[in-house]
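> Sequence:
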Amino acid sequence: MPLIEKLKHLRIPYEDIQAATKNFTTLIGSGGYGPVYKGQLSLAGGELITVAAKRLQNNNLSGQGLKEFLTEIQMLSRYKHPNIVSLVGFCEEGNEKFLVYEYAENGSLNNYLKPTKSRCPLTWRQRINICVDAARGLAHLHHHVATNQRVIHRDIKSANILLCHNMKAMIADFGLSKIGRANETITYIITNASGTFGYCDPAYINSGILTKESDIYSFGVVLFEVLCGRLCFKNVNGEEEPLAELAKRYYIEGKLDLIIDHELKNYMNSDSMKEFSEIAFHCLADIRSERPPMSLVLQRLEKSLKFLEIEEGPELLFHEIGGLRIDSDVMKAIYDMPDSLLFNITRDKIYSHLTNGIIVDKGKVWISIDDNGKTQEMISAIKFVPLDGDGCRTRSESESRFHTVVEVSLPIYYMKVKISTQFLSSHVAYAAYLVCKPNSLDAMEQCAQNKISYKLNDICKSYTSYRSMTVDSGWWMYELFETINLERTAEFVVTLQILDNIFCSSSHLLIEGIKFLPIQKFEDDVGKSEVDKLSTSNIKWDMRLPSDYEQFIYYSKKRLGDVIFPTKAEAYSILSTGVLIQVNDEVNIWFWITKLNGKKCFVLPPTLLSYDKKPLRKIKSIPSEKSRHGNILRVSSSKVIGMCFKVPNGLLSRNTRYGCYLIYMTPQGIDSKTLVEMKLNYDSALAGQHSANLMSLSKPQIPVIGADGECRSTRPINNLKNVQLPRKRKDGWMELTVMNIQEDEWFGHLSSREKSRWNSCFLPCITHNDSRNKADNVMDDSFTLDPRYFSNITLHMCSSDMITLIPELIVQGIEFRPL
1 MPLIEKLKHL RIPYEDIQAA TKNFTTLIGS GGYGPVYKGQ LSLAGGELIT VAAKRLQNNN
61 LSGQGLKEFL TEIQMLSRYK HPNIVSLVGF CEEGNEKFLV YEYAENGSLN NYLKPTKSRC
121 PLTWRQRINI CVDAARGLAH LHHHVATNQR VIHRDIKSAN ILLCHNMKAM IADFGLSKIG
181 RANETITYII TNASGTFGYC DPAYINSGIL TKESDIYSFG VVLFEVLCGR LCFKNVNGEE
241 EPLAELAKRY YIEGKLDLII DHELKNYMNS DSMKEFSEIA FHCLADIRSE RPPMSLVLQR
301 LEKSLKFLEI EEGPELLFHE IGGLRIDSDV MKAIYDMPDS LLFNITRDKI YSHLTNGIIV
361 DKGKVWISID DNGKTQEMIS AIKFVPLDGD GCRTRSESES RFHTVVEVSL PIYYMKVKIS
421 TQFLSSHVAY AAYLVCKPNS LDAMEQCAQN KISYKLNDIC KSYTSYRSMT VDSGWWMYEL
481 FETINLERTA EFVVTLQILD NIFCSSSHLL IEGIKFLPIQ KFEDDVGKSE VDKLSTSNIK
541 WDMRLPSDYE QFIYYSKKRL GDVIFPTKAE AYSILSTGVL IQVNDEVNIW FWITKLNGKK
601 CFVLPPTLLS YDKKPLRKIK SIPSEKSRHG NILRVSSSKV IGMCFKVPNG LLSRNTRYGC
661 YLIYMTPQGI DSKTLVEMKL NYDSALAGQH SANLMSLSKP QIPVIGADGE CRSTRPINNL
721 KNVQLPRKRK DGWMELTVMN IQEDEWFGHL SSREKSRWNS CFLPCITHND SRNKADNVMD
781 DSFTLDPRYF SNITLHMCSS DMITLIPELI VQGIEFRPL
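Residue numbers are given in UniProt numbering: position 78 of the sequence shown equals residue 78, and the series is strictly consecutive.
Be aware that a few hints might be false.
[Unchecked claim] Here are the simulated lysine to any residue pairs, SDA-like style, with alpha carbons at most 25 Å apart: (1) 178 / 81; (2) 599 / 737; (3) 8 / 102; (4) 699 / 457; (5) 613 / 794; (6) 168 / 106; (7) 614 / 639; (8) 383 / 398.
FYI, nobody ran anything at the bench for these hints, they're computed from the structure.
All chains, full assembly: derive it from the sequences and hints.
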């Protein structure tokens with residue numbers, strides 16, 4: 001056969017099909033042509049794909065059956081389109097003839113038009129989308145296959161519209177198709193009428209003349225099947241009445257609501273249904289010339305879909321169970337799993353099962369719903385981790401919901417995995433987490449750093465993830481990426497690098513799987529201004545101002561003209577805005593009070609600096625308008641950094657708990673992955689005491705994957721387990737909490753969490769009479785510009801591993817403000 005010879009690259013050996021279908025034991029359907037089997041076929045490049053193999057029966061090896069076999073090969077090898085089923089290949093060996101197609105996971109449309117308790121009904125949006133897809137495929141055949149050709153399918157029906165995993169529709173079964181000329185006003189072919197009764201064009205049956213309008217009639221029948229939720233025949237008084245004539249009559253009489261699917265009653269008077277039913281009616285016109293071309297049918301169906309989006313929005317995609325609105329596409333996918341617990345239970349028990357979580361897909365996928373009806377999906381590591389029996393193997397684990405996990409050997413382990421989701425809610429943002437833990441309790445207690453590096457979708461850029469949380473059963477969770485999910489299914493490629501020093505003394509790591517959780521909205525309130533809507537009348541200013549407020553006015557660099565001591569209202573306005581206090585020629589302090597209760601706040605600039613444990617030395621600051629006190633300090637990259645701050649006494653409000661923050665920024669373009677430890681020493685009788693925490697100088701960035709699968713941006717992580725993160729302020733600076741302290745009114749000292757003490761006295765009271773000339777007989781601990789009476793705070797910073805360099809920093813100082 002000349003055609004077969006030309007397409008020998010599509011040949012598939014019989015033994016390959018036999019192996020793919022497990023010796024033809026995977027029957028999924030049959031028809032007049034022959035049985036259809038599902039199989040896993042390995043292509044020449046090594047890719048494993050799921051296929052449907054249609055076998056030509058022996059009684060069809062000649063005549064019409066053989067003709068249809070050749071026609072299918074000719075059509076599908078020549079005409080490619082996303083909404084036309086793809087031909088993977090064919091087999092012709094002796095009496096064995098097979099057509100091998102891409103597998104449509106959700107079967108054919110006609111299966112969704114039969115009443116069944118085990119299948120969720122299609123939503124109105126899904127129905128329109130399916131019809132739009134099918135119309136695109138048919139419009140391609142009629143108008144776009146070639147310059148001078150058009151294809152007439154001749155057997156359009158719901159059984160020949162296949163649905164992929166994401167419910168994308170494809171036109172199939174081209175055995176009866178005909179090719180005609182496209183450069184004539186009317187293309188017709190005189191042939192014996194063929195097709196399926198109920199769908200076949202009456203004009204074609206009566207005349208034997210086939211035109212593209214015959215396909216349009218058949219498609220109109222499918223549209224009414226979708227609208228009415230039933231196949232094209234209905235038993236009326238013991239006789240089968242074709243749906244086409246019934247639908248036309250009810251449409252003309254304005255009684256369409258009597259026959260449409262009861263699931264769609266809420267849409268009866270909607271513009272989307274009016275548009276849909278009107279174009280379906282015109283497709284069934286008795287006179288062929290009055291039937292619209294497929295291009296117009298497609299246009300009207302797309303308009304119907306647009307009406308629906310305007311009228312209702314995406315919330316109509318949801319299915320109500322237990323008071324929650326759950327993505328109906330996800331519910332259908334769960335119902336269709338062979339081992340789903342929902343398959344044979346009553347509807348009122350579905351909610352309980354889903355909130356507690358169920359295991360499907362042969363024990364490899366866990367699904368649950370959250371309080372908002374959004375699905376959570378966890379994929380077992382067994383499903384995606386390559387098992388080699390040596391460095392990577394399975395192990396029983398009672399603490400896992402899957403009861404079996406993957407154990408990988410350290411010190412260094414690399415793995416590249418492909419993750420495929422099946423049950424994510426549509427149009428929902430998700431975060432993906434690696435769920436794992438060391439294989440021993442001792443290792444879990446010792447580990448502090450806990451970070452992994454990884455790449456996404458074969459992109460060169462690498463990312464670092466820190467432990468985000470620990471669940472009750474002791475599993476650690478590392479956020480890998482976020483994605484805006486438009487469909488329930490998606491694929492991601494992740495390359496993980498796991499290092500032994502991260503997991504301390506553990507020689508093995510247990511991986512439970514990857515978990516997808518809906519993202520909760522997070523609002524960072526750092527830098528928000530205080531809202532104080534008090535009227536200026538009836539304010540008790542003594543409650544809004546510190547008792548020594550006049551001293552800060554006096555020592556500030558504010559120039560108030562002849563008004564040395566303003567009114568309390570004016571002082572409140574000045575101090576709540578902030579003032580610059582000049583301590584000496586080298587040091588300025590920015591001071592302000594809170595608007596709500598007049599608590600003192602201030603920023604101290606560093607005065608001494610050291611690198612790599614060397615002695616502190618004097619430094620020269622750089623003038624900068626970005627700094628509130630007018631100067632910044634550039635700190636070079638080093639393993640250990642020390643900074644000293646001179647602190648005049650009396651800058652803290654009594655009986656108030658304070659937070660101490662390092663205010664800094666990194667040069668543009670630097671994204672530090674270094675974790676540091678900070679030690680804060682006080683110049684006091686217990687000068688060795690300090691606070692030490694593991695901290696990150698920059699927020700780790702999590703990649704955000706768009707709907708097209710590409711990583712378009714990143715988002716900072718806002719919370720990590722055992723690692724303190726900085727927060728970005730509205731003024732552009734970063735702040736990192738060094739420690740919290742308490743000013744005790746009765747003992748006159750600062751108490752840290754380690755119970756160390758730092759003498760803290762208050763500014764002496766300066767009255768109107770002595771404000772210009774400071775009293776000579778002040779006590780040694782009173783406010784003074786003499787450096788001998790200052791206290792010192794020394795901040796030491798070192799990289800946690802003492803190997804990695806701390807990046808270059810631009811430091812404004814340390815800030816104290818009430819918690």
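> Compare the distance between the alpha carbons of residue 178 and residue 81 with 25 Å, and conclude whether the hinted pair is satisfied.
holds, 18 Å
> Are the Cα atoms of residue 383 and residue 398 separated by 25 Å or less?
holds, 18 Å
> Given the hinted pair residue 168 and residue 106, is their Cα-Cα distance within 25 Å?
Judged against 25 Å, a Cα distance of about 9 Å means the pair holds.
> Mind checking the alpha carbons of residue 599 and residue 737 for me, to see if they're no more than 25 Å apart?
holds, 19 Å
> Taken at face value, is the distance from the CA of residue 794 to the CA of residue 613 at most 25 Å?
holds, 12 Å
> Does the structure keep residue 8 and residue 102 at a Cα separation of 25 Å or less?
holds, 18 Å
> Can the restraint linking residue 614 and residue 639 be considered satisfied, given a maximum Cα separation of 25 Å?
holds, 12 Å
> Compare the distance between the alpha carbons of residue 699 and residue 457 with 25 Å, and conclude whether the hinted pair is satisfied.
holds, 23 Å
Violated hints: none; the structure is consistent with every hint.
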